[in-house]
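Novice: Construct all of the structure, not just a fragment, from the sequences and the given hints.
Residue numbering for the sequence shown is -20 to -1, 1 to 126, as defined by mature numbering (1 follows the signal peptide of the UniProt record, and there is no 0).
Worth flagging that the hints you see were computed from the coordinates, not collected in a lab. Predicted model only: the values in this text are computed from it and were never measured. Every residue, glycine too, gets a C-beta built ideally from N, C-alpha and C. Hints should not be assumed to be uniformly reliable.
As a list, the in silico BS3-like pairs of lysine-lysine whose alpha-carbon atoms are at most 30 Å apart [claimed, not checked]:
hint, residue 1, residue 2
1, K126, K28
2, K49, K120
3, K39, K49
4, K95, K28
5, K49, K28
6, K113, K95
7, K95, K126
8, K28, K113
9, K95, K49
10, K39, K120
11, K49, K113
12, K39, K95
Pairwise CB distance ranges (calculated) [to be verified]:
hint, residue 1, residue 2, range
13, K113, K28, 37 to 45 Å
14, N59, P114, 19 to 27 Å
15, V51, K28, 16 to 24 Å
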Amino acid sequence: MWRGMIVLAGLLVAAGTAHANSRFFCSADDTETRFTLESGFESEAGHKLNHFRGALVVKDPAQSTVFGKRVFESQHLTNHWSRDGDLLLEVFDGGEDDTGGATLDLVVVAGERGKPAATFSGTYSLTIEGGSKPYAVEGKVSCGAK
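Specialist: Written out as structure tokens, the structure is:
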């Protein structure tokens, strides 16, 4: 009997752990850019970010000298939202000495409120400012949840 209760308790803890966090991944690959983003949020109140990483390639030759290839970490995720099928991620790269003062802002909006799904789509907006020429593009993004 005790062995059965211990096994049941272990299964309940494992089930709670499996559902404690939400992981999302989004990607786009079109004529303007290629990127992947992956984030994780706790399911507790506040949905605290517990993981974020990403990579981006800007295909425009005029922009690629500054933001041709960038890797993103948690400090680059300046805004995020995940609730009931909606996902919003905003990545801001304020640049370092290597950008000459140019900044990059990537916003992903995906999903549909009230319709959580394992795979969903949305749009992205990419803006680069402070360089030799302002740059703004939009496109489609594919996302998924684990």
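Novice: If a hint holds in the structure, say so; if it does not, say that too.
Specialist: Checked hints:
For the proposed pair K126 and K28, the alpha carbon gap of about 17 Å is at most 30 Å, so the pair holds. For the given pair, K49 sits about 20 Å from K120 by alpha-carbon distance, which is consistent with the 30 Å threshold. Annotation: proposed proximity of K39 to K49 holds, straight-line Cα distance about 9 Å (limit 30 Å). Distance check on the hinted pair: K95 and K28 sit about 22 Å apart at the alpha-carbon level, within 30 Å; holds.
At roughly 28 Å between alpha-carbon atoms, K49 and K28 fall within 30 Å of each other, so this suggested pair holds. With a C-alpha separation of about 40 Å, the suggested pairing of K113 with K95 is violated against the 30 Å cut-off. At roughly 15 Å between alpha-carbon atoms, K95 and K126 fall within 30 Å of each other, so this suggested pair holds. Taking the CA atoms of K28 and K113, the gap is near 36 Å; set against the 30 Å cutoff, the hint is violated.
Using a Cα cut-off of 30 Å, the hinted pair K95 and K49 is violated, with the two alpha carbons roughly 34 Å apart. Straight-line distance between C-alpha atoms of K39 and K120 comes to about 16 Å, which keeps the hinted pair within the 30 Å bound. Between K49 and K113 the alpha-carbon distance is near 18 Å, which keeps this suggested pair within the 30 Å criterion. At roughly 33 Å between alpha-carbon atoms, K39 and K95 are farther apart than 30 Å, so this suggested pair is violated.
Checked against the hint of 37 to 45 Å, the pair K113 and K28 passes, with Cβ atoms roughly 38 Å apart. In this structure the hint that N59 and P114 lie 19 to 27 Å apart at CB holds, the actual value being about 21 Å. For the pair V51 and K28, the supplied restraint of 16 to 24 Å holds, since their beta-carbon distance comes to about 23 Å.
The structure fails hints 6, 8, 9, 12 (numbered hints given earlier, in ascending order).
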